[in-house]
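Novice: Chains as they are written, first to last, in the numbering used here: chain A, 1 to 306; chain B, 307 to 734; chain C, 735 to 922.
Treat each hint with caution, since some may be false.
[To be verified] Some chain A residues judged to face chain C by a derived CB distance under 8 angstroms, without partners named:
1) D21
2) G302
3) G303
Simulated from the structure, these hints should not be mistaken for laboratory data. Glycine included, every Cβ here is placed at the ideal spot set by N, Cα and C.
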Amino acid sequence: MKRHLLEAADLDRDDATLVLDTAAQIDQALAGREVKKLPTLRGRTVVNLFYEDSTRTRISFELAAKRLSADVINFSAKGSSVSKGESLKDTALTLEAMGSDAIVVRHSASGAPHRLAGWVRGSVVNAGDGTHEHPTQALLDAYTIRRRLGRLDGVRVAIVGDVLHSRVARSNVWLLSTLGAEVTLVAPPTLLPVGVGSWPVQVSYDLDAVLPKADVVMMLRVQLERMNASFFPSAREYSRRYGLDALRLAALGDEAIVMHPGPMNRGMEIAADVADSVRSTIVEQVANGVSVRMAVLYLLLGGASS
Amino acid sequence: MTTLIKGARVLGGDPADLLLEDGRIAAVGGRLSVTGATVVDADGLVALPGLVDLHTHLREPGREDAETVETGSRAAALGGFTAVHAMANTDPVADTAGVVEQVWRLGRQAGLVDVVPVGAVTVGLRGERLAELGAMADSAARVRVFSDDGHCVADPALMRRALEYVKAFDGVVAQHAEEPRLTAGAQMNEGDLSARLGLTGWPAAAEEAVIARDVLLAEHVGARLHVCHVSTAGSVEILRWAKSRGVQVTAEVTPHHLLLTESCAESYDPVFKVNPPLRTDADVQALRAGLADGTIDAVATDHAPHAVEDKESEWAQARPGMLGLEQALSVVVQALVEPGLLDWAGVADRMAVRPAAIGRLDGHGRPLTPGEPANLLLLDPAARSVVDPAALASRSRNSPYAGRELPGRVVATFLRGEATVLDGKALR
Amino acid sequence: MAGSPAPVPENPSTVLLGAADVARVVDRIAHQVIEKAGDALPDVVLVGIPTRGAPLARRLAGRIAAFAGTAVDVGTVDITLYRDDLRMRGVRALEDTLLPAEGIDGRLVVLVDDVLFSGRSVRAALDALRDLGRPRAVQLAVLVDRGHRELPIRADYVGKNVPTSRAQKVRVHLAETDGTDEVLVTGA
Numbered sequence: 001m002k003r004h005l006l007e008a009a010d011l012d013r014d015d016a017t018l019v020l021d022t023a024a025q026i027d028q029a030l031a032g033r034e035v036k037k038l039p040t041l042r043g044r045t046v047v048n049l050f051y052e053d054s055t056r057t058r059i060s061f062e063l064a065a066k067r068l069s070a071d072v073i074n075f076s077a078k079g080s081s082v083s084k085g086e087s088l089k090d091t092a093l094t095l096e097a098m099g100s101d102a103i104v105v106r107h108s109a110s111g112a113p114h115r116l117a118g119w120v121r122g123s124v125v126n127a128g129d130g131t132h133e134h135p136t137q138a139l140l141d142a143y144t145i146r147r148r149l150g151r152l153d154g155v156r157v158a159i160v161g162d163v164l165h166s167r168v169a170r171s172n173v174w175l176l177s178t179l180g181a182e183v184t185l186v187a188p189p190t191l192l193p194v195g196v197g198s199w200p201v202q203v204s205y206d207l208d209a210v211l212p213k214a215d216v217v218m219m220l221r222v223q224l225e226r227m228n229a230s231f232f233p234s235a236r237e238y239s240r241r242y243g244l245d246a247l248r249l250a251a252l253g254d255e256a257i258v259m260h261p262g263p264m265n266r267g268m269e270i271a272a273d274v275a276d277s278v279r280s281t282i283v284e285q286v287a288n289g290v291s292v293r294m295a296v297l298y299l300l301l302g303g304a305s306s
Numbered sequence: 307m308t309t310l311i312k313g314a315r316v317l318g319g320d321p322a323d324l325l326l327e328d329g330r331i332a333a334v335g336g337r338l339s340v341t342g343a344t345v346v347d348a349d350g351l352v353a354l355p356g357l358v359d360l361h362t363h364l365r366e367p368g369r370e371d372a373e374t375v376e377t378g379s380r381a382a383a384l385g386g387f388t389a390v391h392a393m394a395n396t397d398p399v400a401d402t403a404g405v406v407e408q409v410w411r412l413g414r415q416a417g418l419v420d421v422v423p424v425g426a427v428t429v430g431l432r433g434e435r436l437a438e439l440g441a442m443a444d445s446a447a448r449v450r451v452f453s454d455d456g457h458c459v460a461d462p463a464l465m466r467r468a469l470e471y472v473k474a475f476d477g478v479v480a481q482h483a484e485e486p487r488l489t490a491g492a493q494m495n496e497g498d499l500s501a502r503l504g505l506t507g508w509p510a511a512a513e514e515a516v517i518a519r520d521v522l523l524a525e526h527v528g529a530r531l532h533v534c535h536v537s538t539a540g541s542v543e544i545l546r547w548a549k550s551r552g553v554q555v556t557a558e559v560t561p562h563h564l565l566l567t568e569s570c571a572e573s574y575d576p577v578f579k580v581n582p583p584l585r586t587d588a589d590v591q592a593l594r595a596g597l598a599d600g601t602i603d604a605v606a607t608d609h610a611p612h613a614v615e616d617k618e619s620e621w622a623q624a625r626p627g628m629l630g631l632e633q634a635l636s637v638v639v640q641a642l643v644e645p646g647l648l649d650w651a652g653v654a655d656r657m658a659v660r661p662a663a664i665g666r667l668d669g670h671g672r673p674l675t676p677g678e679p680a681n682l683l684l685l686d687p688a689a690r691s692v693v694d695p696a697a698l699a700s701r702s703r704n705s706p707y708a709g710r711e712l713p714g715r716v717v718a719t720f721l722r723g724e725a726t727v728l729d730g731k732a733l734r
Numbered sequence: 735m736a737g738s739p740a741p742v743p744e745n746p747s748t749v750l751l752g753a754a755d756v757a758r759v760v761d762r763i764a765h766q767v768i769e770k771a772g773d774a775l776p777d778v779v780l781v782g783i784p785t786r787g788a789p790l791a792r793r794l795a796g797r798i799a800a801f802a803g804t805a806v807d808v809g810t811v812d813i814t815l816y817r818d819d820l821r822m823r824g825v826r827a828l829e830d831t832l833l834p835a836e837g838i839d840g841r842l843v844v845l846v847d848d849v850l851f852s853g854r855s856v857r858a859a860l861d862a863l864r865d866l867g868r869p870r871a872v873q874l875a876v877l878v879d880r881g882h883r884e885l886p887i888r889a890d891y892v893g894k895n896v897p898t899s900r901a902q903k904v905r906v907h908l909a910e911t912d913g914t915d916e917v918l919v920t921g922a
């Protein structure tokens, strides 16, 4: 493993597989235990530096670090020196001076974790940067697929929705294709980036044509504000053309699963009964997120510091 | 003050001596000898007319922490310039006779280059109504170039009126071609790389659409149009078409668009963030070809100093712009002279003669012949050096060429016969 | 790789135990476990420490079943996440932690490892066991005890005591992991 986890595009097949295998071993080691805590990172300090509200991701990283016995500091940009205009660099250097070994960063600016990595000596973990990447989400998605279907090689994954603004989609495109899955992006053309042609994926505008051939359907959150910028005409039209409802669920193969990185817009991109169906892995994804993030923290921080 | 330059290769030709006297070139020839003259040994050096920049941000008044007229003038002189056009986006904006005269006076005080103020087209650069263009033209600063640079004059009716109005005093509107509705939140060139990096794209069409519109307007009203920092292959095509129709359009390209590509953004280091953004290699090649065949008239630096805190940040938060004055000539040597696209006469034409003509500057961009103003530079084309931002004369450090080896070194610059730079060092 | 030195010849190794010796030692430990456990034999859980402790535990269970007719439970506990020397080594891949479904509470756990050296692996295994349950007692079985303890830890069952210098290396090969059964001592 490298010193940082900045993007899924950076992970080769061996690195990515090591993370998934390690997560599986951690799951196994903790299964059925009363004390869900390991001493591995005792004395290490992990800072959650969150410039965007994301309670679920922050809690997941916090739990992962605490289960490995690291000390955790949550630094939210609101109500801190950041709101008084402190720069990202000054904040990072301050945290490091206080002895942080790793910074888990969520930021609205694409590339902010890359900048941080250039300024600090410790490890940097990207917990979502702008519209760029969210690598641990892709790792937990890959882990969930592998647990459910037993493999990733040759698995046909449809990623449906606002690919243009989605860091989850970007990370999944790179990671899943690295691991041998066949990815198809499904979206209205307005929500696909110019340049998507250079990605290792198929592109379709027609959800109904893709569903019968999919082993995994990953629904992306669609923000209603996009409607105002004419990315699509109305919520109703979007949901009719690209939403996953019970009727479309029936078109899926017997083993196929439905994923969503959350938080969901029930009734928009995903119908409530679909989200709650047995095919849905949405709750599992959350649980797997902790194991995968433990694996990442262990692999980045467990060894000798370089 | 009399200076004798020995053995300079004028426009790269055979070695000759140049005698500078009373601000003019008194004589050019073989083995001149004058008693009492300061002798400058120019063996192996190329003599070019002093460079003229159509596009410089000197930041004064308003952001003296990033650059002042004096520090920017020094950077310009070290780059071989004898005249620079100071852009209007200062604070306050250069949209009145008072502000342009202030900048002009600061330039005279610094005395390193002729600082020629550019006037804003619209009040406060807001794109709503015309500034007092005539008052600026009639002021001591004698403004002839008007630009809202940093902002596009997006309203087509307003652009038409501006083009028409400046005809009265032989002015020109220098357009920053960027359709704002197509570039909301834009961070870098839109394409494969922006898709991967998750940075909002700045489509080439947003530049090309405005250039196409403006050349049609300029043709319709019979006015002069100048296009700032052309950055795409498509823009070159539109300009070529417009010129073939006889439209009075001129255009400039920056050194960075002639050398660097969007791949620099992969580092997320905002020193490479600039507007218009760095484009693809195909664009770079088209811009070089366009400059070589004269479709693009001039190299203009878009020298844009920024304080450290405005660049040492996340990409999206950083201000766009990069330094250019001190490396412009070196970049042109690397991008055009060394590959054989432009000879020394061509460099003189694109960096001195045509920019002076576009800006209607009388004493600059003249041939190096007896009787002409002694505005010139001496370049050592064989020298190579690695750019060290800490060693720059600019008050800012945002050079995209840091750590890069570039050819050519400006050894001396003369403004009306007075050395502003000697042995590569500014004299004031 | 260009410029890399010629391969250094392996240090001469001495075979400490051959395949027959390993089998005999495992048999002896199996007899000792049966004897010491007495009526509690069905409560015994043999927990191997990966890598080579795991197959050793399975072999012991096989021999105990053969000698006493009792099938004892077998498990493994990976100690990587409990090591106190992580910061001095590179990160390592994790191995299996598998315990019997009934758990280890109230049972007699016999930890099984190949070599007992500093005692730090055993300490890590004890820490791991503490998080996994509350055994009635914990015992330790090792194939080789080479001395140089850094902690107050002693094995209950020892296949062979081998006096070594710190500079020497003791390597255990097992058919399951290495293709052959043998114990080697390398170095001065």
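Novice: With reference to the structure, classify each hint as holding or not holding.
Specialist: Comparing the hints with the structure gives:
1. D21: With Cβ-Cβ at 7 angstroms, under 8 angstroms, it holds.
2. G302: Holds, because the Cβ-Cβ distance from G302 of chain A to chain C comes to roughly 5 angstroms (cut-off 8 angstroms).
3. G303: holds (4 angstroms)
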